[in-house]
Amino acid sequence: MVFALLLLGIIVVLVFIVIGMYNALIQLRNQVKNAWSQIDVQLKRRHDLIPNLVETAKGYMMHERQTLENITAARSRAMQAESVGDKAKAEGELSGVMSKFFLVVENYPDLKANQNFLALQEELTSTENKIAFSRQAYNDQVLFYNNKIQMFPSNIIAGMFSFQQSEFFQVEDKAERDVPKVSFS
Amino acid sequence: MWELIKQNQRKSFVLFILMGGCLILLGYLIGSAYAPPDGGIAGVVVALAIWMVLSLISYFGGDSIMLGVSGAKEITRDMHPQLYNVVEEMKIAGSLPTMPKIYIIDSPAPNAFATGRKPETAAIAVTAGLLARVNRDELQGVVAHEMSHILNRDVLYMTFAGVMLGAIAILSQVFLRGMWYSGHSSSRYRSRSSSGRGQGQAIIMIVALVFAILAPIMARLLYFAISRKREYLADASAARLTRYPEGLASALEKISDSKDDLPSANAITAPLYIVNPLKNKGMKLSDLTSTHPPISLRIKILRGMASGAGYNNYQKAFSRVTGQHSTIIPSSGLKDTETVPLRAAGTTEAAPPTAKDQNRQVGDLIRAVNQFRFLTCTCGLKIKVPPDFTQAAFPCPGCGASLAVPAVGAATFAAALHSLTGTPNQKRTSSQR
Numbered sequence: 001m002v003f004a005l006l007l008l009g010i011i012v013v014l015v016f017i018v019i020g021m022y023n024a025l026i027q028l029r030n031q032v033k034n035a036w037s038q039i040d041v042q043l044k045r046r047h048d049l050i051p052n053l054v055e056t057a058k059g060y061m062m063h064e065r066q067t068l069e070n071i072t073a074a075r076s077r078a079m080q081a082e083s084v085g086d087k088a089k090a091e092g093e094l095s096g097v098m099s100k101f102f103l104v105v106e107n108y109p110d111l112k113a114n115q116n117f118l119a120l121q122e123e124l125t126s127t128e129n130k131i132a133f134s135r136q137a138y139n140d141q142v143l144f145y146n147n148k149i150q151m152f153p154s155n156i157i158a159g160m161f162s163f164q165q166s167e168f169f170q171v172e173d174k175a176e177r178d179v180p181k182v183s184f185s
Numbered sequence: 001m002w003e004l005i006k007q008n009q010r011k012s013f014v015l016f017i018l019m020g021g022c023l024i025l026l027g028y029l030i031g032s033a034y035a036p037p038d039g040g041i042a043g044v045v046v047a048l049a050i051w052m053v054l055s056l057i058s059y060f061g062g063d064s065i066m067l068g069v070s071g072a073k074e075i076t077r078d079m080h081p082q083l084y085n086v087v088e089e090m091k092i093a094g095s096l097p098t099m100p101k102i103y104i105i106d107s108p109a110p111n112a113f114a115t116g117r118k119p120e121t122a123a124i125a126v127t128a129g130l131l132a133r134v135n136r137d138e139l140q141g142v143v144a145h146e147m148s149h150i151l152n153r154d155v156l157y158m159t160f161a162g163v164m165l166g167a168i169a170i171l172s173q174v175f176l177r178g179m180w181y182s183g184h185s186s187s188r189y190r191s192r193s194s195s196g197r198g199q200g201q202a203i204i205m206i207v208a209l210v211f212a213i214l215a216p217i218m219a220r221l222l223y224f225a226i227s228r229k230r231e232y233l234a235d236a237s238a239a240r241l242t243r244y245p246e247g248l249a250s251a252l253e254k255i256s257d258s259k260d261d262l263p264s265a266n267a268i269t270a271p272l273y274i275v276n277p278l279k280n281k282g283m284k285l286s287d288l289t290s291t292h293p294p295i296s297l298r299i300k301i302l303r304g305m306a307s308g309a310g311y312n313n314y315q316k317a318f319s320r321v322t323g324q325h326s327t328i329i330p331s332s333g334l335k336d337t338e339t340v341p342l343r344a345a346g347t348t349e350a351a352p353p354t355a356k357d358q359n360r361q362v363g364d365l366i367r368a369v370n371q372f373r374f375l376t377c378t379c380g381l382k383i384k385v386p387p388d389f390t391q392a393a394f395p396c397p398g399c400g401a402s403l404a405v406p407a408v409g410a411a412t413f414a415a416a417l418h419s420l421t422g423t424p425n426q427k428r429t430s431s432q433r
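Chains as they are written, first to last, in this note's numbering: chain A, 1 to 185; chain B, 1 to 433.
Some hints here could point you the wrong way.
Computed Cβ-Cβ distance ranges for the label pairs, DEER-style [said to hold, decoys possible]: (1) 52/A x 405/B: 43 to 49 Å; (2) 386/B x 115/A: 57 to 63 Å; (3) 60/A x 380/B: 41 to 47 Å; (4) 59/A x 380/B: 20 to 26 Å; (5) 44/A x 53/B: 47 to 53 Å; (6) 60/A x 325/B: 28 to 34 Å.
Computed list of lysine-lysine pairs in BS3-like fashion (alpha-carbon distance at most 25 Å, straight line) [claimed, not checked]: (7) 112/A x 100/A; (8) 300/B x 229/B; (9) 33/A x 118/B; (10) 112/A x 356/B.
Stretch-level coverage of chain A by chain B, calculated; a stretch enters the list once three of its residues show a Cβ under 8 Å from a Cβ in chain B [claimed, not checked]: (11) 31-39; (12) 112-124; (13) 133-145.
Simulated from the structure, these hints should not be mistaken for lab results.
Note that the Cβ used here is the ideal one computed from N, Cα and C, for glycine as well.
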């Protein structure tokens, strides 16, 4: 009798421990998902800002139509990209075109003095930073989640309910990693 | 990641417990000094009650008290887009659940503090003097340091420790003053009665007296020790968040050049600021009596992080610069084995604003939060109307045209934005003011 009660007690405690670990894993997995969606939010913000920028710059940069067209084209390619790999590639190209654009801007002091342009420039700088920081935060969350999946004892629960490890966000080539820092001067 | 840091604060916790011990011992001694046989327990109860009441007040009202005392005013995104953006960047980097509120303090002393007992209710305040001095990267470093105080739960922690320090100070003050004013009568009374109770009572009295003098000093030193440790940790976290220790380092350098004090700060609130707001008073006795590590040392450590921005790199730089081997970073932070690469210097603004322009922008920002109205006449003259100007219209001092004054609070922010992001062209006209 006593033995049966003791066994029951142990089982109840074990069930609670398992529930706790399972919930912790779910919470971590949701944080990873949330961090991933943050990256998308910032990429979309960049897409929204670019038409304004092109519109503002158009009047000042008569001789740079090609540059502006490149930006518009790169933006629509990035917006149409479907798979994660395509997306990363297209967004990288967009970053590249943008940084070229900001180099060209140096030759147009009138544009640099435009109030609208200054405000847009702060927004774009910040958006580029936010893209970088949201990737960084995503990787932090993934690290934490993967550690939890691999480490004892939560690895048992993760195995039972088949939690998959998440992938780190990696930028393929070094050039792209450096590009998101838009240089304005 | 951040949760791990939070859990692993053993060393700071030991200091915290020591302060609690101070409080309990003080209560016990005072109690036994007044009511010999078993007043000690009552003394402990009173001491803890004072601590509890103060804790509850500061837990539920601490944020608004601190913001109120420092005269901080909340700003919106329109008023300073760059500051708002920088805070949002750090919010993203630290995965904070909500956007902290942003406040500005009208003071020339460059400084910043964080408040909020949990990340959801956090607020970050910066002074006008800071905004007028730093560039974007440096501002990011300062905001990251404050964000780290929030992420590491330093605000909550330092509030409770500060309250304990306050409770100890109150107890010993009340006791010592009580002794002072009742000195004559009680000594006469005691000399008569003590013949029966013996020497023990007198000894307890003396011990209580000595301890009442020493306890506040000891508690203060402990409090400062906790504070310094949390500052190093916040610096390390800031470097990790921004991946750019140089930003914070050069901001600290600029801040240390200033000699202004923040009059609204005191010894209890000082640990929440990025640098000691009372630098002219606090630094005399050097290390032990300071809430913050010396700025020059903090800069050297940050600049010593040559190979990466992780906690490991900070710990290594710390050991190398100070020659000490004590661990500043909780061990869970050091387990973090991935390499954290440094990033290149961030954006340099197109035509970085001159010091004069930056000062004018910050002046306008302060006017905007104080409900000044910004008008631009057709002749190009810009006029700032103080909130207590009540007439509906006045003639422009430049061209004489009649200018209507909008009501206070109506659409002033949009106008303020225009004057804040003023272009060089417009600055030429506005310099006529």
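message: If I claimed the Cβ atoms of residue 386/B and residue 115/A lie 57 to 63 Å apart, would that claim hold in this structure?
response: 25 Å Cβ-Cβ, so the 57 to 63 Å window is violated.
query: So the hint says 47 to 53 Å: do the beta-carbon atoms of residue 44/A and residue 53/B match that?
result: holds (50 Å)
query: Straight-line Cα separation of residue 112/A and residue 100/A no greater than 25 Å?
result: Measuring from Cα to Cα gives roughly 15 Å; hence the hint holds.
query: Quick one, are residue 33/A and residue 118/B close enough, alpha carbons at most 25 Å?
result: The hint holds at about 23 Å.
task: Return holds or violated for the Cβ distance of residue 52/A and residue 405/B against the range 43 to 49 Å.
output: violated (32 Å)
- request: Check the following: the C-beta atoms of residue 60/A and residue 380/B are separated by a distance inside 41 to 47 Å.
  value: Given a distance of about 22 Å, which is not inside 41 to 47 Å, the answer is violated.
message: Can you tell me if the stretch 133-145 of chain A counts as covered by chain B, using C-beta to C-beta distances under 8 Å and a minimum of three residues?
response: Coverage by chain B holds for the stretch 133-145 of chain A (8 residues, Cβ < 8 Å).
query: For the stretch 31-39 of chain A, do three or more residues have a beta carbon lying closer than 8 Å to a beta carbon of chain B?
result: holds (count 3)
query: Between residue 59/A and residue 380/B, does the C-beta distance stay in 20 to 26 Å?
result: The hinted range 20 to 26 Å holds for residue 59/A and residue 380/B, with Cβ atoms some 22 Å apart.
field: chain B over the stretch 112-124 of chain A, status - at least 3 residues with CB closer than 8 Å
entry: holds (count 9)
- prompt: When you check the alpha-carbon spacing of residue 112/A and residue 356/B, does it fall within 25 Å?
  reply: Holds. Residue 112/A to residue 356/B sits at ~19 Å (cutoff 25 Å).
- prompt: Is the hinted range of 28 to 34 Å satisfied by the C-beta distance from residue 60/A to residue 325/B?
  reply: violated (59 Å)
In summary, the structure is inconsistent with hints 1, 2, 3, 6 from the numbered list given earlier, while agreeing with the others.
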